[in-house]
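Let's have the full structure, built from the sequences with the hints guiding it.
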Amino acid sequence: EHLDLAHCGLDCSRVLGALAASPRLIDRLVTLILTGNKLDALSADLLAQIGSKAPHLRALGLASTGMNSAMVGTLLAAVLGGPARAGSAIGLDLSGNHIAEGVSPALAQGLPLSNGAQDSRLTALLLRDSALGEAGVAAVASLCASHGALQHVDVSLNRRSDGVAGKVFGWGKAASADTGAPLAQLLRGCRDLRSLSVGGKGERGKGLTCGRVSLRRLAEAAAEHTALTSLDLSGLKIDEPALAELAAMLPASSSL
773 EHLDLAHCGL DCSRVLGALA ASPRLIDRLV TLILTGNKLD ALSADLLAQI
823 GSKAPHLRAL GLASTGMNSA MVGTLLAAVL GGPARAGSAI GLDLSGNHIA
873 EGVSPALAQG LPLSNGAQDS RLTALLLRDS ALGEAGVAAV ASLCASHGAL
923 QHVDVSLNRR SDGVAGKVFG WGKAASADTG APLAQLLRGC RDLRSLSVGG
973 KGERGKGLTC GRVSLRRLAE AAAEHTALTS LDLSGLKIDE PALAELAAML
1023 PASSSL
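Under the numbering used here, the first residue of the sequence shown carries the number 773, and numbering increases by one thereafter.
Nothing false has been slipped in among the hints.
Listed next, with one range per pair, are the computed distances between beta-carbon atoms: (1) ARG786 with HIS828: 17 to 27 Å; (2) ASP783 with GLU1017: 49 to 59 Å; (3) ALA831 with SER1006: 18 to 28 Å.
Honestly, the hints are just simulated from the structure, not real lab data.
Beta carbons are placed, not taken as given, at the ideal position from N, Cα and C, and that holds for glycine.
Have a look at this one:
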């Protein structure tokens, strides 16, 4: 049921090929962790085949596997759209894969907007250290706000310098992205959300942009949320007056 092959230096195409050829194993599979093993195009296709046919699969650990945005899109379509996955739920860890802006159209196409009993549901999305930048974090938060089944979202360690963003990933001017408003939208749209992390590291004052007004909206959304138990905002640029305002609002929360 639980297969953890993290950091094993695997030939993933051989392992996944063997798994794909065993319907009995696929039917029983609940957790599959491939963290740290590189996935090529063939491996990603085999993984999508397995995911689409595994009715009980609840967690996929794919951090630092070299996945690109096309692979992510194929995987989302498989685990959220396959007939065998009807009524199922899954959490995805895609951290450490520099998928940048490509994750946005993949999510837009792959995330079901309704959450009925027969819909596949994404319950966790971990995109830690995925080269999203400010605009990417804002885009992911806005898209995820429409998928109310989410319980855990991690977009931490995604700040990039303007030069890298513009030259390599094409997000445009990072200063145009205010992450506070989309994060507030995410909290209001996902009422079952348990944890949200936009944590970061680096020099003081160089976090993700969050305007004063949008920070207030974020604080209000967090204070009104009844399921949220963990909120990491260490990656946001917050001045002292805004921080005081945030601290005054959060005690109203019944869950934090």
